[in-house]
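*Asks:* Chain by chain, the residues run as shown.
There are 2 protein chains.
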Amino acid sequence: MSQKIAINLMCTSCGSEILPESGNYSCPKCKGILQVRYSRGAINKELISSHSSRSGVWKYFEMLPVESRENIVSLEEGNTPLIRTESLGAGYYVKDETRNPTGSFKDRPNTVGISKAIELGAKTIAIASSGNAAGSLSAYAAKAKLQCIVCVPEDTPDSKLKQIMVFGAKVAKVKGTYSDSFNLIRESCKRYGWHNLTSVCTANPYQVEGDKTAAYEIYERLNNPDWVLIPLGAGPLLVGIYRGFLELQEAGLIEKIPRLIGVQAEECAPIVRAFKNGDRNVLPWEGKPHTVAHSIADPLTGYSEDGTLTLEKIRESNGVAESVNDEEMMEAVWQLARGEGIFAEPAAASTLAAANKLKKNGIISNGDKVVMVVTGTGLKSQVVLDQLRPAPAIDPDPDQLVKIMK
Amino acid sequence: MSQKIAINLMCTSCGSEILPESGNYSCPKCKGILQVRYSRGAINKELISSHSSRSGVWKYFEMLPVESRENIVSLEEGNTPLIRTESLGAGYYVKDETRNPTGSFKDRPNTVGISKAIELGAKTIAIASSGNAAGSLSAYAAKAKLQCIVCVPEDTPDSKLKQIMVFGAKVAKVKGTYSDSFNLIRESCKRYGWHNLTSVCTANPYQVEGDKTAAYEIYERLNNPDWVLIPLGAGPLLVGIYRGFLELQEAGLIEKIPRLIGVQAEECAPIVRAFKNGDRNVLPWEGKPHTVAHSIADPLTGYSEDGTLTLEKIRESNGVAESVNDEEMMEAVWQLARGEGIFAEPAAASTLAAANKLKKNGIISNGDKVVMVVTGTGLKSQVVLDQLRPAPAIDPDPDQLVKIMK
Numbered sequence: 001m002s003q004k005i006a007i008n009l010m011c012t013s014c015g016s017e018i019l020p021e022s023g024n025y026s027c028p029k030c031k032g033i034l035q036v037r038y039s040r041g042a043i044n045k046e047l048i049s050s051h052s053s054r055s056g057v058w059k060y061f062e063m064l065p066v067e068s069r070e071n072i073v074s075l076e077e078g079n080t081p082l083i084r085t086e087s088l089g090a091g092y093y094v095k096d097e098t099r100n101p102t103g104s105f106k107d108r109p110n111t112v113g114i115s116k117a118i119e120l121g122a123k124t125i126a127i128a129s130s131g132n133a134a135g136s137l138s139a140y141a142a143k144a145k146l147q148c149i150v151c152v153p154e155d156t157p158d159s160k161l162k163q164i165m166v167f168g169a170k171v172a173k174v175k176g177t178y179s180d181s182f183n184l185i186r187e188s189c190k191r192y193g194w195h196n197l198t199s200v201c202t203a204n205p206y207q208v209e210g211d212k213t214a215a216y217e218i219y220e221r222l223n224n225p226d227w228v229l230i231p232l233g234a235g236p237l238l239v240g241i242y243r244g245f246l247e248l249q250e251a252g253l254i255e256k257i258p259r260l261i262g263v264q265a266e267e268c269a270p271i272v273r274a275f276k277n278g279d280r281n282v283l284p285w286e287g288k289p290h291t292v293a294h295s296i297a298d299p300l301t302g303y304s305e306d307g308t309l310t311l312e313k314i315r316e317s318n319g320v321a322e323s324v325n326d327e328e329m330m331e332a333v334w335q336l337a338r339g340e341g342i343f344a345e346p347a348a349a350s351t352l353a354a355a356n357k358l359k360k361n362g363i364i365s366n367g368d369k370v371v372m373v374v375t376g377t378g379l380k381s382q383v384v385l386d387q388l389r390p391a392p393a394i395d396p397d398p399d400q401l402v403k404i405m406k
Numbered sequence: 001m002s003q004k005i006a007i008n009l010m011c012t013s014c015g016s017e018i019l020p021e022s023g024n025y026s027c028p029k030c031k032g033i034l035q036v037r038y039s040r041g042a043i044n045k046e047l048i049s050s051h052s053s054r055s056g057v058w059k060y061f062e063m064l065p066v067e068s069r070e071n072i073v074s075l076e077e078g079n080t081p082l083i084r085t086e087s088l089g090a091g092y093y094v095k096d097e098t099r100n101p102t103g104s105f106k107d108r109p110n111t112v113g114i115s116k117a118i119e120l121g122a123k124t125i126a127i128a129s130s131g132n133a134a135g136s137l138s139a140y141a142a143k144a145k146l147q148c149i150v151c152v153p154e155d156t157p158d159s160k161l162k163q164i165m166v167f168g169a170k171v172a173k174v175k176g177t178y179s180d181s182f183n184l185i186r187e188s189c190k191r192y193g194w195h196n197l198t199s200v201c202t203a204n205p206y207q208v209e210g211d212k213t214a215a216y217e218i219y220e221r222l223n224n225p226d227w228v229l230i231p232l233g234a235g236p237l238l239v240g241i242y243r244g245f246l247e248l249q250e251a252g253l254i255e256k257i258p259r260l261i262g263v264q265a266e267e268c269a270p271i272v273r274a275f276k277n278g279d280r281n282v283l284p285w286e287g288k289p290h291t292v293a294h295s296i297a298d299p300l301t302g303y304s305e306d307g308t309l310t311l312e313k314i315r316e317s318n319g320v321a322e323s324v325n326d327e328e329m330m331e332a333v334w335q336l337a338r339g340e341g342i343f344a345e346p347a348a349a350s351t352l353a354a355a356n357k358l359k360k361n362g363i364i365s366n367g368d369k370v371v372m373v374v375t376g377t378g379l380k381s382q383v384v385l386d387q388l389r390p391a392p393a394i395d396p397d398p399d400q401l402v403k404i405m406k
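Chains as they are written, first to last, in our numbering: chain A, 1 to 406; chain B, 1 to 406.
Please keep in mind that the hints were generated in silico from the structure rather than gathered at the bench. Quick caveat, the model's predicted, so the values are computed rather than measured. Hints should not be assumed to be uniformly reliable.
Intra- or inter-copy, both count: the list cannot distinguish identical chains.
[To be verified] Below, in silico cross-link-like pairs of lysine-lysine (DSSO-like), each with a Cα-Cα straight-line distance of 27 angstroms or less:
(1) K145 x K123
(2) K403 x K173
(3) K357 x K369
Whole structure, please, built from the sequences with the hints as guidance.
*Replies:* Set out below in structure tokens:
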């Protein structure tokens with residue numbers, strides 16, 4: 001059995017080294033983003049592929065920042081299918097994150113974040129979320145018997161709110177955009193000593209480590225694709241996937257990191273704007289976004305350094321940032337459902353919408369191996385469900401049945 | 001690599017042997033239930049545990065009635081978690097079937113049923129369903145590019161209807177109970193040559209073979225539990241799980257078959273009634289059932305022999321049939337959500353409700369290993385979602401946030 005690898009935290013701004021035991025989630029000196037560092041040589045072929053008796057996120061225990069297995073809170077997240085989707089394009093694959101316990105990829109960061117919070121002695125955890133992350137965290141909090149406090153934007157659809165409430169979290173709808181919820185949770189955690197499990201790098205350095213397991217899984221199934229498309233709010237999933245592939249590269253398991261494509265909604269695209277302008281820093285988005293992709297409509301007001309970190313990883317992978325409009329995302333929802341039997345929410349289908357666009361523009365070439373991360377289920381997406389017309393009612397009569405089939 | 005095992009069909013009523021190639025889904029001589037038979041010695045330790053590179057239902061390809069891998073239509077169903085649930089009882093486990101691609105166990109029978117239908121040349125498939133089975137089949141039909149025709153009872157909640165429609169199936173709401181939908185599809189398939197993929201044994205002999213893979217998975221994770229609790233409409237899942245364990249016993253892998261507990265809703269419990277009366281045959285349930293467990297509210301009018309087959313397997317396993325009321329099921333929904341972070345629909349939580357009852361009655365003893373099959377997600381359950389009160393709205397102010405937490 002492999003030994004647990006020693007970890008510490010390093011500030012990505014001022015370079016300070018911080019002990020995890022200190023309980024800090026951001027740099028105590030400069031408020032910068034903390035990154036988990038593992039001792040050298042941590043990852044190797046043995047750790048990545050040999051645990052046939054384990055599966056999912058915790059298969060990679062040695063590469064995750066939790067010291068003791070006793071602290072793990074798991075719903076058997078991860079190990080999601082990588083589905084070949086020829087109807088969408090030759091060489092196209094969907095990494096189907098709708099198959100996680102609560103229906104979105106957020107179960108990956110949350111299983112790691114909550115386990116670490118328990119290791120650090122948390123009694124109350126808190127999160128700002130557009131819906132999926134809180135629906136996930138509240139399930140893990142129920143299992144762990146922790147109090148869970150949630151802030152969501154006031155326009156969060158009931159279909160997402162109710163999943164959060166089912167698991168017993170305390171939920172408030174907060175006036176304003178997602179950023180208002182984010183800043184309220186940050187302020188309240190500081191004031192009341194709650195652990196902040198909002199899944200962006202400025203709020204919590206551990207959760208992005210859960211995100212990186214998606215890269216390990218893609219590697220194990222497909223080795224090394226040319227492109228990986230990822231929906232972006234602030235972008236911790238992209239940062240995590242970048243980090244996972246970087247570790248694989250450093251261990252000599254892959255030659256180069258796949259080119260990462262970050263996808264945003266046209267109505268709220270601060271990272272894409274900075275990418276296309278050639279800016280080094282991402283600036284907050286102005287105004288209140290209106291889009292079918294509310295899961296990724298994050299203006300980054302007050303924590304735009306999360307966007308800047310994401311932009312940096314896109315560029316380091318020689319990648320692309322692209323935006324798509326509501327119509328293109330809804331079209332992609334139907335393509336996934338009716339071509340592949342996969343029901344995604346619009347924000348999750350944004351990766352297919354962007355692949356379609358970049359193929360047309362010649363950025364993605366014929367023959368490229370393309371992985372589209374589909375981040376969340378459509379079962380919680382009111383905007384999709386509302387587009388379907390009611391089914392007709394008939395008597396139990398074959399003649400009537402055959403008529404409605406036309 | 002193991003060779004494919006030869007199969008044929010045998011009528012459980014008159015004993016006739018039928019070739020699968022004939023395309024019959026029930027006995028052409030006596031209309032009896034057909035059962036798939038494999039050549040002797042089909043199952044063995046090698047087939048059951050050695051395919052570490054495969055997972056899910058099709059890991060057991062050699063034990064399934066599809067001849068050619070080319071005909072397989074899969075969304076990577078099965079391989080669902082078996083979760084230890086100490087908060088519900090010592091030695092208790094949930095077999096979490098909500099983790100299948102469309103959120104219910106129905107993906108197991110449908111992946112087998114549709115693959116076989118394709119092998120038999122189907123162009124149009126049809127199903128009667130209370131919601132979950134059709135939500136599943138329509139996804140597989142989309143992937144396979146087959147026309148899919150669905151009949152559901154008129155009171156099927158929108159939350160289930162819409163999943164079916166997302167995938168593009170043609171849906172009709174049929175006046176009357178589930179049995180009216182069932183009989184309409186049976187009659188229409190006969191008249192128009194559609195393949196009947198309604199997942200009960202009288203309608204289709206192949207799908208129950210998909211159900212049996214749940215038994216293989218329980219065996220692989222837990223060896224041999226004392227009890228397995230299973231929600232019952234007509235009961236093909238129980239018949240399949242019985243068959244899976246029987247095969248394991250015949251192969252010498254387990255000594256005895258676990259005792260199977262079939263669970264129905266008090267408002268519609270034809271199998272439980274017959275079990276408690278000591279009857280050999282199940283009779284149809286009278287009247288229109290009203291229960292929160294609409295997924296299993298099946299009066300069996302016109303095909304009660306499906307219920308009789310299920311009852312027979314319960315008795316052969318030295319098992320029990322028990323009913324639970326709406327209140328007990330709703331209580332179990334909250335226990336699963338708030339104790340374990342698992343969101344089940346009431347029909348799926350019926351197994352926990354029954355375990356609670358049978359523990360109190362002394363049927364389940366302390367120290368018994370108990371598996372509760374949780375068959376479908378609560379995300380599609382209007383009746384649960386409607387019980388949650390709206391979340392309060394606040395300004396982005398920590399004082400307001402901390403107040404609503406009390």
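*Asks:* Take the hints in turn and mark each one as holding or not.
*Replies:* Taking the hints in turn, this is what the structure says about them:
no. : hint        : result
1   : K145 x K123 : within (9 angstroms within a copy, 51 angstroms between copies)
2   : K403 x K173 : between (46 angstroms within a copy, 13 angstroms between copies)
3   : K357 x K369 : within (16 angstroms within a copy, 54 angstroms between copies)
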